[in-house]
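Asks: Each chain, written out:
4 protein chains.
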Amino acid sequence: MCYDLGVIEGKPHDECGVFGIFDVNNYDVSSITYYGLYALQHRGQESAGIAVSNGGAIIYHKDMGLVNEVFNSHMLEHLKGSIAIGHVRYSTTGASLRENAQPMVARYMKGQLAIAHNGNLVNAGELRTELEKQGTLFQTSIDSEVIANMLAREFILDRPIEKSIEELSNKLKGSYALLVMTNDKLIGMRDPHGFRPLSIAKLGDSYILASETCAIDAIGAEFVRDVQPGEIVVLDKEGITSIQISVKVNQSMCVFEYIYFARPDSIMNGLSVYESRKMAGRTLAMESPVDADLVVGVPDSGLSAAIGYSEQSGIPFDQGLMKNRYTGRTFIQPEQAKREIGVRIKLNAMKSVIEGKKIILVEDSIVRGTTIRWIINILKQAGAKEIHMRVGSPPYKYPCHFGIDVPSSKQLVASTKEVEEIREIIGSDSLAYLSKEGLLETVKQTGCGFCTACFDKCYPVEVPEEGDKMKFEKCARC
Amino acid sequence: MCYDLGVIEGKPHDECGVFGIFDVNNYDVSSITYYGLYALQHRGQESAGIAVSNGGAIIYHKDMGLVNEVFNSHMLEHLKGSIAIGHVRYSTTGASLRENAQPMVARYMKGQLAIAHNGNLVNAGELRTELEKQGTLFQTSIDSEVIANMLAREFILDRPIEKSIEELSNKLKGSYALLVMTNDKLIGMRDPHGFRPLSIAKLGDSYILASETCAIDAIGAEFVRDVQPGEIVVLDKEGITSIQISVKVNQSMCVFEYIYFARPDSIMNGLSVYESRKMAGRTLAMESPVDADLVVGVPDSGLSAAIGYSEQSGIPFDQGLMKNRYTGRTFIQPEQAKREIGVRIKLNAMKSVIEGKKIILVEDSIVRGTTIRWIINILKQAGAKEIHMRVGSPPYKYPCHFGIDVPSSKQLVASTKEVEEIREIIGSDSLAYLSKEGLLETVKQTGCGFCTACFDKCYPVEVPEEGDKMKFEKCARC
Amino acid sequence: MCYDLGVIEGKPHDECGVFGIFDVNNYDVSSITYYGLYALQHRGQESAGIAVSNGGAIIYHKDMGLVNEVFNSHMLEHLKGSIAIGHVRYSTTGASLRENAQPMVARYMKGQLAIAHNGNLVNAGELRTELEKQGTLFQTSIDSEVIANMLAREFILDRPIEKSIEELSNKLKGSYALLVMTNDKLIGMRDPHGFRPLSIAKLGDSYILASETCAIDAIGAEFVRDVQPGEIVVLDKEGITSIQISVKVNQSMCVFEYIYFARPDSIMNGLSVYESRKMAGRTLAMESPVDADLVVGVPDSGLSAAIGYSEQSGIPFDQGLMKNRYTGRTFIQPEQAKREIGVRIKLNAMKSVIEGKKIILVEDSIVRGTTIRWIINILKQAGAKEIHMRVGSPPYKYPCHFGIDVPSSKQLVASTKEVEEIREIIGSDSLAYLSKEGLLETVKQTGCGFCTACFDKCYPVEVPEEGDKMKFEKCARC
Amino acid sequence: MCYDLGVIEGKPHDECGVFGIFDVNNYDVSSITYYGLYALQHRGQESAGIAVSNGGAIIYHKDMGLVNEVFNSHMLEHLKGSIAIGHVRYSTTGASLRENAQPMVARYMKGQLAIAHNGNLVNAGELRTELEKQGTLFQTSIDSEVIANMLAREFILDRPIEKSIEELSNKLKGSYALLVMTNDKLIGMRDPHGFRPLSIAKLGDSYILASETCAIDAIGAEFVRDVQPGEIVVLDKEGITSIQISVKVNQSMCVFEYIYFARPDSIMNGLSVYESRKMAGRTLAMESPVDADLVVGVPDSGLSAAIGYSEQSGIPFDQGLMKNRYTGRTFIQPEQAKREIGVRIKLNAMKSVIEGKKIILVEDSIVRGTTIRWIINILKQAGAKEIHMRVGSPPYKYPCHFGIDVPSSKQLVASTKEVEEIREIIGSDSLAYLSKEGLLETVKQTGCGFCTACFDKCYPVEVPEEGDKMKFEKCARC
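Chains as they are written, first to last, in our numbering: chain A, 39 to 516; chain B, 39 to 516; chain C, 39 to 516; chain D, 39 to 516.
A couple of the hints might just be wrong.
The list treats identical chains as interchangeable, and a pair is accepted whether it falls inside one copy or across any two copies.
[Stated by the list, open to error] Only pairs whose alpha carbons sit at most 25 angstroms apart, straight line, appear in this in silico DMTMM-like list of lysine to aspartate or glutamate:
#, residue 1, residue 2
1, K395, E260
2, K395, D274
3, K435, D467
4, K395, E349
5, K423, E260
6, K148, E137
7, K418, E260
8, K396, E462
9, K148, E170
10, K171, D222
11, K118, E170
12, K395, E313
13, K423, E313
14, K209, E170
15, K482, D494
16, K118, E107
17, K211, E456
For the record, the hints were derived by calculation from the structure and aren't laboratory data.
Hey, can you work out the whole structure from these sequences and the hints?
Replies: Laid out in structure tokens, this is it:
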């Protein structure tokens, strides 16, 4: 068994990060995209790719691996051009194929196009079937290939590209923060619900599109604004053009971006992700206070909320768990996996900090419960007197259909267990979750609507029955 | 610069070899295909791939490199199934992309299909344009993707697969020895002209399709017969079915398969390739006799004709040139490339054999003339008194449009130079080519018609103007 | 240029971590050593190696790279045995050779031996010269080869192995936490000054030796005690034997292990590294208070001291800088290196936290000053009103000769500049270092003596002039 | 199982090839050495290495693999200098370790030295033991490390390097064609018996030393003369100096160099290897004539003798077996190994040539008999009427102790079987070997003495009992 220990096992995985640049300053677009993707690495560790248009042709490189494994300086030097898009991807194991790496690049009647997609179409299967009925082939199992085919069919009609993109958006259901590169344009679009984030920035006079502002900061660019739900942004030599799709739906930004996925140093809808997490901790402290000596966060995901809890409660924050900084892919032997070695080589309990103490342990969310059970176990072994578990989000009960890879419902501990049962399973002395109201309070200042389906099953878009998703992913590759 | 010295520089390259098996004996189909491709390695050294159908799904592995570089035992073990097709490929540098490796595997409305193609469609651009007009995307620059798209469009119609294949064959112009694998069938077909070879064999009760009989011998199978020009062979659980396409054209098998491409131990149309080459040598001896001490063949391509020349003329054959057995990919520094090091590290002159002798030097063909000039030079340096060049085929003057990668006309020395000029360029004391009549005599017993367009410009199918071919290969990859 | 961004540039590097196990429980010794090294990865990222004795023979694997890059499950399965030692290494670039990876394994008259060494011999050159005069060859440029040769010369004498080791220790000058494995024994030793740490633990009935207790925790073993300065510990089938070298010198443990090198979750001499760092922060708050809104630590090195500073001063601690969790080896183009991109892609300023605030920025130490200058710059760009730099150790002025790789004196900013000058260079509003007295206070409870030569030039052992060290490292390898 | 099919299984393997250059013309010494080794690849396919001295330091690169796998242009560019030595190696499986690759490079009192050795010391164990008694360590299991240690011990004495080398040669027993490179000299030496070949050449004013003249031809250099048995050649800025070791023994050049090891295009002792092989064929025709239709050689090893046999007997030579040109490392599944697939994918019978014919099949030697049995089998399957096996050397009965890796006596078919028994095993209609007298006749014109111990057990140097050789090779590496 081979685990990437950079991510705590059992956590949901965001499926993608995207980055694009339309350059008018003779920047080295592939290097900039490389650093941008490097900053978005937390959004996908399975594959990485960059496609570049030099006006005449689109060239690209993509492969399985982390950004710094897939690219070297030699490759970037070959990727010369004035427009670039990049992609990092996480995916379910079954479809973890080299073919599925993005950007997807294809040739159609009027030239080439490249697509980088973050999100998940709930009607991908339907759209695919429709295309297949017309004789379309599919060489991958990614939604982007469906989108590319639909785009090509729009683009061959004699109407403005913006119109085509708008037509496309009327057909796509689900979540998409999408970058499309043609030979001479860079187009960004967010689905009308705005599930996934996408921001605009400027570097000199050149425009940048990126999943998160941390990528904008990394390359030293200046944040301009978020792409709006249902907005199409077209970047070309004429500058920037914005089109608002007429479809009117309620915004339903993924609230889990704030809870866990996004980097804390990113800002979405004007709200610092870090501040929202601290606020979650503070609200949690108000909703579920407990008498204790110390607030400890699970590194790194629970630290922000722990600091917030500490600030609100006045109970000191300290580092009761220490993380090994070197936690890339490693393997664990089956018999060891059963024991807590997977946690031990990643986290260590700080005996001097926690011995004899009543601990408030803060984590952003609990998915399967396995990891947190192990963590509580090593804290107890190290002498913690009491452990009061506090979770910065409501019980995670339902699968996501909008771009997040979560275990099936069966594996979500909260889908079948009550809070008290979960407490027993994980072995803490108390357990409290943030209320949904409390959660929404943390993101209230954004003025946005949010998707909270993983907590309340209120899917903003009709979704297929569980199990359907895997259907067209059978085309495996050894 | 990096050269594959296994092939003498400047030789035309065959673009592909194909191998397929429909197994009913529980053989290990991927291993058998591996050994089959290994025997066909001379037909393509750039990429290799195997796709296997286990009834439910088609899985595959393909990559750049030689068969034994692309596959290891671990991979073959994963490629379990009862039908397999494999492919080795050579291609022009411009389109030397990982994406272009075959077999091409895709999903369409009714399942999956995999395609392995040897040949070249002269109307690929046209067909592609037609498909593009309907919104079709292309992710590679290979003809096989065009074929796959056309197949999918036929297959979705409600008619027998054989009918679909026949319809397809009416639309394809050019050369194709084609293997198509669906989830439960293996189909082989040769274009009506029969440009490229394809043979049927049996291993136990299982059927094999292979570009050359040497692959059949390598796996210990029994040759059954050649697939006929314009024949479609369908292998499935019912056994073997043959369909003859109604289109009637004259057969025009590629004569260069006999001259150079095929392995000498292969048998095509009932004629041993080796015997045809020896016959070329014998005919050459009759057409262009010369007084000399020794017949020397350029290893390995000219050896068979040299032995034939010796037999006919009574002048002794000997190994006047010795080849380094280890000549994989290597690199040569630019300044050294100018000198004859490329030849020297591959071939050495046998001073003791040739010193003071009048040599008849036999080669199968001359393309650019560069390599043979160097060879003659090292023979003279080693003390050859006279060198009489004899070539086992007519002057190579025109490009091939049916699956062979040759330099452009400009680089074909015979396209602009007369024989005497070429003799001067290569530095031999005399030079004679086999006549076209003599050549056709060597393959007469097959009873086939042949394409000799590279010698006489008589293309059996209308071909595009030179330069057109490259048009849709711009989509490069670093 | 290729940087490992896991470590902030310009930081001193510890040269090694060692781990060993003498197994009597049929554990999988190579896997245990793998996890042990994984926990010690912070002590060396250049090469990794494991040697295993199965009684009859010592087998090993070592290579350049991180522990999880050098080993896979296949390799570990081959490394079967009952004794194992492992090593991770950092080194100066000049000697960054595959040959220099450890453990060093060699055959001598009575069998084999393997050596894993953390530290630096100040008389290595001298000892090497002496050996060379007797005709000894050296195939690497590491001290361990000198030690191995001396050991072999001791071992061939007819006296107990313990006596030999003691003799050896009389000749070695400098720092060494050393593991020696023979075919049937595992020996650990610390130099009489005890520069580098080494601890003993038990896993079941099997003994473990490890550079730090974090490795003991990672494998779930139980800490027994530290190896004492000048102590030799011999593990074999008879159990554990301890020998105290008679040489009497003052203990001089490297204080930088507490300041920066060791993982915060390790315990040395009974003192938690984390607690010592927090104490440094507290002392700093007392020595150099300042009126401010927020205490921010440079992640991860300055966090512990920042928390301590916050506790003492009552000024809130917050995460004003966020670190990219994915910071493996990457490359930076020369022109970008000049700008702050190296810092930007690793750290981001938290605008929402710091904007308009007076910041106390805490770091464990300042070496060149370049990185901290960039960090202060991005904090100011993000709106920090004032930045008061506080450093958890005294000014770093002198090179280390005991196993730490530091820039030459010229590059140590404090070696030539006064505090006020440094403040100007780094651009902070104030700057204060922890006093040496304050530092010693943080480790006082250990009761140990410490080496503080990097601050006060009081080398506990006579050291060569600067520049000498590189002399025998000229044997480079491409 | 993974076989290198470039060499017929069961053939003895030469253990090494060496190449060196002392440059005074500003050639690119590493590239020249690369091409030289490329030409010597047949002498060792396991590892390759090049060491270069730039006056100040010796740098090197070596690894497991073929020359073109171990080196690329980037590496060669880094290996700048004015002296270079290179090595290719074959070895027994047990010691097939990266550490054992040559050249061996080490530092000793007066500088560095690099050693490339072809041959085998029969007293290596003894010399090693003696050195070990003095405390010497060994990090590899190759003789070269013994030689390097002895050299270092000589070099530290205050006498001319030539004297030291001479002293060394008095102590070494067995075979060695040895290149030693110091910081400013290149030394070549052959053992007094002259077992292994070594030639001198000039390229411009620069001197070359190479195992075979084919390497000299490959780089376009001019052959000067062979190094004499017992001669030491020192190349430095003063030019070339020759020293003849006083030890007087009878020359005993390895006759198998002529029979199989050397490339046919090499010239040794003034005799073309190819001519000696043809002469073997001719003599065989005289000694063991047989009425037949065709002479067929086993490619490539039996071709030369087959041509000789044909010339002498007047029976036509033809290519009855065809070899796959692409036969690098491949793997064969255990169950397939039992069948003749190992032969089939390498060789194919030419049915059209041999059907119904009485064949004289010529091979250079028979070692285990397994491969030839399979070859005879496929020839019979292809319709050969009779097969008369003729072997160009006497029955191979005894192991080699001078640098050739042969199967143990037990596996040598002729060590326990009579000719008639062997004929039955291999399945031919008749079988005849060349007589020892006949063999010596083929090399008579060289005027040399020869070692024929593998045929007659007359070892020119006392050798250890079988089995001893493996003793110090236990230090394995996974």
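Asks: Could you run down the list of hints and mark each one as holding or not?
Replies: Now for the hints, and whether the structure bears them out:
1. K395 / E260: between (45 angstroms within a copy, 21 angstroms between copies)
2. K395 / D274: neither (60 angstroms within a copy, 40 angstroms between copies)
3. K435 / D467: within (22 angstroms within a copy, 50 angstroms between copies)
4. K395 / E349: The answer is both: 19 angstroms in one copy and 17 angstroms across copies each meet 25 angstroms.
5. K423 / E260: between (48 angstroms within a copy, 20 angstroms between copies)
6. K148 / E137: This pair counts as both: shortest intra-copy Cα distance 24 angstroms, inter-copy 21 angstroms.
7. K418 / E260: between (47 angstroms within a copy, 15 angstroms between copies)
8. K396 / E462: within (18 angstroms within a copy, 45 angstroms between copies)
9. K148 / E170: Classified as both: same-chain Cα gap 22 angstroms, cross-chain 8 angstroms, threshold 25 angstroms.
10. K171 / D222: Cα proximity of K171 and D222: across copies only (21 angstroms, versus 32 angstroms in one copy).
11. K118 / E170: Answer is neither; intra-copy 35 angstroms and inter-copy 27 angstroms both fail.
12. K395 / E313: Cα proximity of K395 and E313: across copies only (16 angstroms, versus 28 angstroms in one copy).
13. K423 / E313: Intra 30 angstroms, inter 20 angstroms, cutoff 25 angstroms: inter-copy only.
14. K209 / E170: both (16 angstroms within a copy, 21 angstroms between copies)
15. K482 / D494: within (18 angstroms within a copy, 55 angstroms between copies)
16. K118 / E107: within (20 angstroms within a copy, 30 angstroms between copies)
17. K211 / E456: Neither: 33 angstroms inside a chain and 64 angstroms across chains, both beyond 25 angstroms.
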